[in-house]
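Protein chains in written order, with numbering that gives the first Met the number 0: chain B, 0 to 502; chain V, 0 to 442.
The set of hints was computed from the structure by calculation and includes no laboratory data. Please note that the accuracy of each hint is not assured.
What the hints assert, rightly or not - Once the Cα atoms are required to be at most 20 Å apart in a straight line, the calculated SDA-like pairs of lysine to any residue come out as: (1) K318/V to R328/V; (2) K97/B to K179/V; (3) K88/V to P349/B; (4) K318/V to K340/V; (5) K97/B to G16/B; (6) K67/V to I27/B; (7) K340/V to S276/B; (8) K88/V to K97/B; (9) K401/B to S437/B; (10) K67/V to T40/V; (11) K449/B to T382/B; (12) K390/B to P254/B; (13) K88/V to S276/B; (14) K287/B to E432/B; (15) K97/B to A367/V; (16) K318/V to S276/B; (17) K97/B to L353/V; (18) K88/V to D467/B; (19) K97/B to H290/V; (20) K401/B to S290/B; (21) K449/B to D467/B; (22) K179/V to H290/V; (23) K97/B to R364/V; (24) K67/V to R364/V; (25) K67/V to T28/B; (26) K88/V to G278/B; (27) K88/V to K449/B; (28) K340/V to G131/B.
Unchecked claim - If you only want the chain V side, here are some residues facing chain B, beta carbon under 7 Å, derived: (29) G28; (30) F29; (31) A86; (32) V87; (33) D90; (34) Y106.
Quick caveat: nothing in here was measured; it's all calculated off a predicted structure. A virtual CB, placed ideally from N, CA and C, is assigned to each residue, including glycine.
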Amino acid sequence: MTANFDAFFNEIQSKLGADAVNRSDETITRYAENTMPGGDRRPAGVVYPASTAEVQTIVRAANAHKVPLYPVSTGNNIGLGSRSASTAGQVIVDLGRKMNRILDINDRLAYCVVEPGVTYQTLTDELTRRGGQLMLDVTSGPPQGGPLGNALDKGAGYTPYFDHFGFSCGMEVVLGNGEVLRTGDGSIDSDKLVNWHTSKYSFGPILDGLFTQSNYGIVTRMGFWLMPRPPAVQSFHFTFPDDDDLEEVIELCRPLKMSNFVPTLFRVANDLYLSASEGQSQEYGSGKSLSDKGRRELREHFGLGAWNISGAFYGPNEAAMAPMIQRVRDHFMKSGKARYIDHEQAKSVPTLQVAINAFSGTPSHGELGLLKWRPGGGNLWFTPGTPMDGKIANEFQHLCRKIYEDYAFDYTVMNVCGARFARGLHVITFNREDPEESKRADACYRAMAKAFAERGVFVGRAPLDYHDMHFAQTIPAFQQACSSIKQALDPNGVIAPGRYGIQ
Amino acid sequence: MRTNFTAAQLTDPAIAEADQILQTCVHYGFCTNTCPTYVLTRDENDSPRGRIDLIRAMLEQGGRPAAKTVHHLDRCLSCLSCMTTCAVKVDYVHLIDRARVHIEQHYKRPLADRATRALLAYVLPRPRLFAAAMKAGRLAQPFASILPKRLRAMLTMIPARASSDILAPQVFPAEGPRKKRVALLAGCAQQALNDNINAATIRLLQRHGCEVVIADGAGCCGSLPLHMGRENEAKGFAQTNVAAWSRGSFDAIIVNASGCGTTVKDYGHLLGSDDAKRIGALTRDVTEILHDIGLKTPPNPRAYRVTYHDPCSMQHGQKVIDQPRALLRAASFQVADVPEKHFCCGSAGTYNLLQSEIAEALGQRKAAHIESTTPDIVATGNIGCMTQLNRYLGTPIVHTVELLDWATGGPLPPALEGVDLPEPSTLHAATAPDTPTADAGFW
Ligand SMILES: Cc1cc2nc3c(=O)[nH]c(=O)nc-3n(C[C@H](O)[C@H](O)[C@H](O)COP(=O)(O)OP(=O)(O)OC[C@H]3O[C@@H](n4cnc5c(N)ncnc54)[C@H](O)[C@@H]3O)c2cc1C
Ligand code: SF4
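Produce the complete structure using the sequences and hints provided.
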């Protein structure tokens, strides 16, 4: 049976009101836009539910009329798909417009419960209004992104609560079949759900993970744990002069994280990741990657190294943290190559201020500018990872740098380091208005994805253009399991068919 | 974004500049969720990139713009929130100004609209006339019900209390050794609405070692006509001011209405002359210069809870964000931020007179956010925001300088007269009174 869009939209309009549907050309054009090489994807229209019940109405109508839906929350997934759907012709369910209430903040137990449209900025503002005793882990991306959409895409931040899915607790989901599921301790058949957002591992299987990077349901409510805000945050920063210093940097960071001596993750960013936000490539059009000379000039101009490390301590005041900072300083300085930048100095360097904001749970715009390094608006995030083993991390650097150069792009990366693993956030910025360069960006992404898969390394998240390709890199049993779950929870395949490769 | 101007069109420097700006927009869409009109209407044509597209089409086509284009561009607040968020820093302000000029020159508005705009553009920049008009307006208020809708709306906006003292050119000497000699933009509408802002500014600057000059010939900054697309009138005002200030020698030109500050700082772009660039570079918001000088220790600390509202022209236009807060703290007040502070309050120059529906929705939204912080007093740095918010707030709103003046020895701000403020000695701790005990942390 084929999709009957008119019947679907008529039903939604009659049940939820004219205001719940938008099929204007401008709207379709804007929701089609993204930053990827594969081109825009025009949706069939946009619907705006105001409640879980309205989401159910939409999902049921989609089942009845065989219409594919694509949910977005705050729709700031820029570089990974923006607000566009897996394929053209799906109906965007824009949850952010009306479902944007903070449902609860529990100050004693330090958690919040939000609807999909609540943004990082809104939640941070509300915590500040309540006296600033609690803080939310944020990304260094758009402040208008939100914790729910971000956690469902397995996004992460930089404080001890960096793992956004890991620090979520309790969901409400409208499944593809229209049923409403409560996960975790919310699954008990009771109207007193005291532990829904405090405990994840009571009775039964942990279903929450099914709704990350998948298409089995639309999440309408989610709990997040909050961190008591420390009275003082003191950051520390080091620069290292040479590309191959990465090996030593990783070795230096590992024990500090393994022991949890340093509470934040380490941001280990290359020269371009930090300087690109402050300008545009002066060598664009050369047909080559940024020259060594160009990189050297940028480093000198911004006082950066080939690698730049940021971390932070939390404490009652600066003095209490001074001995800890001193120990970290001694630890890094023994390499003989590190240059130290203290918290006060870093505050005047915009790109290091971004790190301070991230460690302090403050959403900020500072990093967004790195997308404009080349003109034409093309951006892709490539997100493989490395074990916290300096040799392997450095090999991966060589591999990736070479592929960037083969395709004449500028190697731009930040390794976000924990105890055992670092996620490598690589940005490919390219001119999307130039078809040749777009094609080249696509080829570059695919080449890196292939090279890393051959070394047994997967990506953490993927731009929509590559969901199918990455899904094909998994073992058949994984694919079969994903399809079976899809069949069970969304038998008509109405939720985001093709998202993360699952049909 | 690709553009399609002809070579002939590009010979016009204004179009050439617009073309450059348009090309930088790559439609990322970071801006959409921070645009107040888009958030209210969810109409893509009320979003920054929607408007940029409309401007592109309008300028490429040339001539008379479509009514729909005018409708959506008129609804833009020029709040510049989109510029703060934009990853590629599209120079939206100069693009929308260009679009407004094009509309003014090529679009024939209905007669009533034209008359209203002409009236506003003539009266508001002339403080004596404006003060007289407000008096007449107050007399007409009882007959509002029989007046046309637009006029009725305007009458309701006339503040119940306005004190006008139009400053003549003069010099106010510094107290103690002179540290700086500054010119103060006495302004236009502000002088007619609230003369204490200038009086407090002058006392405060004098107290901090500044000689303050009201320069002969300086008047309206041109901002109001500029944002109505009346570029030539705006240039006339700007040129007059540049000439007036160029006759003297000043360490800074001080502005205490941030909407005007954004325009004066940008005189270099508006006029293109070296003198205008020099004046633009000399211009400071009053809080910038006071912050540089350092506030005197208040003799009687009054730790009221002051919620500070960032005018858009201050936070997005001039990026003066920390200084007013730091000064209020130095004056012993407890400073709270407004949730969703990046949003406009709906004042936006003449916007609340011309687009009253959106302005009211934004005004109410902002007032609710402000009240949620349970302030004793609200402070801000722009007369437009003060007038707009006064209509929706239950808490008194004053200019930042009025509080700083009071704290350092000046009189009580008139807006606080008769207000039942808590005894400073019994003032609350740093948390909002409705905050539950947040004892989650060990700190
Ligand atoms: C410069 C820069 C820096 C960045 N830094 C970081 C960073 O530090 N950490 C990080 O994690 N990301 C980062 N990002 C990536 C990204 O912008 C954010 O992750 C952003 O928060 C995701 O968008 P969103 O929150 O608006 O989610 P949305 O766009 O609303 O959602 C993301 C996806 O999840 C799915 N989804 C959303 N809501 C639902 C729902 N209710 N039910 C089912 N499925 C749903 C949809 O398929 C959607 O496409 C960065 C981006 C940039 C440009
Ligand atoms: S200036 Fe303000 S109202 Fe106008 S497009 Fe930008 S954000 Fe929206």
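Hints versus structure:
| no. | hint | verdict |
| --- | --- | --- |
| 1 | K318/V to R328/V | 19 Å, holds |
| 2 | K97/B to K179/V | 53 Å, violated |
| 3 | K88/V to P349/B | 15 Å, holds |
| 4 | K318/V to K340/V | 13 Å, holds |
| 5 | K97/B to G16/B | 13 Å, holds |
| 6 | K67/V to I27/B | 18 Å, holds |
| 7 | K340/V to S276/B | 24 Å, violated |
| 8 | K88/V to K97/B | 29 Å, violated |
| 9 | K401/B to S437/B | 19 Å, holds |
| 10 | K67/V to T40/V | 15 Å, holds |
| 11 | K449/B to T382/B | 13 Å, holds |
| 12 | K390/B to P254/B | 15 Å, holds |
| 13 | K88/V to S276/B | 11 Å, holds |
| 14 | K287/B to E432/B | 18 Å, holds |
| 15 | K97/B to A367/V | 18 Å, holds |
| 16 | K318/V to S276/B | 18 Å, holds |
| 17 | K97/B to L353/V | 28 Å, violated |
| 18 | K88/V to D467/B | 34 Å, violated |
| 19 | K97/B to H290/V | 41 Å, violated |
| 20 | K401/B to S290/B | 13 Å, holds |
| 21 | K449/B to D467/B | 13 Å, holds |
| 22 | K179/V to H290/V | 14 Å, holds |
| 23 | K97/B to R364/V | 15 Å, holds |
| 24 | K67/V to R364/V | 27 Å, violated |
| 25 | K67/V to T28/B | 18 Å, holds |
| 26 | K88/V to G278/B | 11 Å, holds |
| 27 | K88/V to K449/B | 35 Å, violated |
| 28 | K340/V to G131/B | 16 Å, holds |
| 29 | G28 | 6 Å, holds |
| 30 | F29 | 5 Å, holds |
| 31 | A86 | 4 Å, holds |
| 32 | V87 | 4 Å, holds |
| 33 | D90 | 13 Å, violated |
| 34 | Y106 | 21 Å, violated |
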